[in-house]
Amino acid sequence: MSFALELRDVRKSFGKSEIIRGANLAVQAGERVAIIGPNGAGKSTLFNLISGRFAPTSGEIHLHGRRIDGSKPYEINRQGLSRSFQVSNLFTRLSVFENIRCAVLWSLGHRYAFWKFLADLDDANDRTEQILEMIKLDKKRDVLAMNLTYAEARALEIGITIAGGSSVILLDEPTAGMSKSETQRFIQLIRDVTEGKTLLTVEHDMGVVFGLADKIAVLVYGEVIAFDTPDAVRANARVQEAYLGSVLAETQAAAA
Amino acid sequence: MSQAKEFHFKPLNVGRWFIWGLFALMLFVAPRIWTSGLAQTMLTQMGIGIIACLAYNILLGQGGMLSFGHAIYSGMGAFLAIHALNMAGAGTLGLPVSLIPLVGGLAGLVFAALLGYVSTKKAGTPFAMITLGIGELVFALALMLPEFSGGEGGVSSNRVIGQAVLGITFGPQIQVYYLVAIYCFICTAAMFALTRTPLGRMLNAVRDNPERVEFVGYDTHWVRFMAFTISGFFAGIAGGLGAINTEIVNGEVMHASRSGAYLLFTFLGGATFFFGPIIGAVLMVICGVLLSELTKAWLLYLGLIFLFMVMYAPGGFASLILMNLRVAAFGKLSKLWTSYLALAGTALAALVGAATMIEMVYHRQLNEALGPELRFMGATLNSAGVDAWFGASFLVVVGVALFELVRRQYVHEWGEVQEDIEKEIKRREAL
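Protein chains in written order, with my numbering: chain A, 10 to 265; chain B, 624 to 1054.
The hints are simulated quantities; they were obtained by calculation from the structure and are not laboratory data.
C-beta: ideal position from N, C-alpha, C; glycine also.
Anything over 12 angstroms on all C-beta distances counts as not near chain B; from chain A, calculated:
{"#": "1", "residue": "E15"}
{"#": "2", "residue": "G39"}
{"#": "3", "residue": "T54"}
{"#": "4", "residue": "H73"}
{"#": "5", "residue": "S188"}
{"#": "6", "residue": "Q193"}
{"#": "7", "residue": "R194"}
{"#": "8", "residue": "D201"}
{"#": "9", "residue": "G220"}
With the Cβ distance kept under 10 angstroms, some of the chain B side facing chain A (calculated, not the full set):
{"#": "10", "residue": "L822"}
{"#": "11", "residue": "R824"}
{"#": "12", "residue": "M825"}
{"#": "13", "residue": "N827"}
{"#": "14", "residue": "V836"}
{"#": "15", "residue": "F838"}
{"#": "16", "residue": "G840"}
{"#": "17", "residue": "T843"}
{"#": "18", "residue": "M849"}
{"#": "19", "residue": "A850"}
{"#": "20", "residue": "T895"}
Please put together the full structure from these sequences, using the hints given.
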């Protein structure tokens, strides 16, 4: 059977250092997966490989059964995979509305059209309004992206990611830098907007992980050492070792 | 920025119709107000300049692409147009003069497509460097092909060909002006329309954040390439109109200084606003024709203006106008006008002092044989004497010092006014 997203022995080296050392992962359609792991485990690199920002050194990545490794980011996006960024990556000099509209245009087939007016594209405009309501930024529609507050910018980041209607969504630390109450609201928001989609998210906050994920993938030194339900992962000996090891290392570093 | 305020269910935008009507009216009546031969020549050049600068701004303002070689597309348009005009005159090409600019446009489009494919692969500094290199390359190549470029002398032609249609021969300057005006209006409208299409908007997105554009399904290279080609098309039309206007085209039209002028005046006019380059183009002709008549040091003055603009008003004249219009709309301009008067007065004093010195230097370098005396602004100055130099430098020092004082005061006042306006906006929102 074909998975929504499948990684087969993916490796990535930068110069001599191998960051991803044979990662395997098979995500079924509709699953919500949280990717956790200590700092420097290669979580963000893994996202960059899947989304096409970098090409893997070796190995295969399949999206809905089709190979996507080595493709350009826009080619991967057109096949139904969309990602967000750890640091908000917005169209700063455009309004909130225009930011979202830019993200829906391709998926609605408007491509590089210069013979039709944006104002007449009812499908794109309606979809944009709908997204704005979903991410609760409809009152900010005419504000420039650069003038948003931190939490609003994060919401817009998610909005741009989901606007194109991709079936596989990658969120890179969506709640990083948010307060507790904001995080709570935000998890609910992510749950709502990714309803029925395959979701992969990198997270540090364990509260978010258990609140959001059906399954957890543990990435340590460029390898997926466990991929299971939250409870099973918690009980996994290798995971405990890896996390305990990092805790030990941290306490030693603090003592030194 | 004001584009964002559009609601797509608005049935009819009265303001927009009014502005476009006004633009058409200005194009129509301008040569009836300024009827002299010089004025009509200048107006024609302004019309052409508007198309060229707006085309350039598709790259600079809307796409964030700093091109140092855009004159080769308007230049190629001019060359191809003048050859087409010659062929039409010889009867080998059945094309009326009024459509010759389209030949120029097509030439610009084809060359932009050929050469732009490489440069648009990159953005930022590499893009700028590649355009600079290609610009020099094509300029040098054109001079090496005298059959095409006419060598040093250029290619000349005659625009009065064939039978007059409705009495229009394009002999008199006024008829050429109206041809340019019609093209200017249509091209401006078309380029404005482009800003409101999916491609135009994605071009803005590519300017702001090319990386993210790739993750919403668009190929940034292709977006830049299409914009570049369209810009080349309009630049070519401007070149073609220029060929009809001057009836002679030489290598100058492709020179880097022409590319530099597009960049400089588009920036001065205001690259962040659609209408900024229109102001820029008008300035370009005024500086090129009038200022260069007035003083040999005109490029130096232009450089100074550019420098101050980059430092203090990077949005160009368009942003200065719009910011003050906003202040005026909230009825706060009365608070600022004394400051403006003081700014203008002190700046004028410093400028007169600096200009006196510049003119004296130029006089000593260029007109030594005429003796040390020169006439400047109604006064006779002795460029070899101490008193003129002392007076001029005194004027500069005092002018600059007072200007700085006034400027600080003005910045303070401006901040207060802006705060008031913000409060007023909040208050209105709350109602």
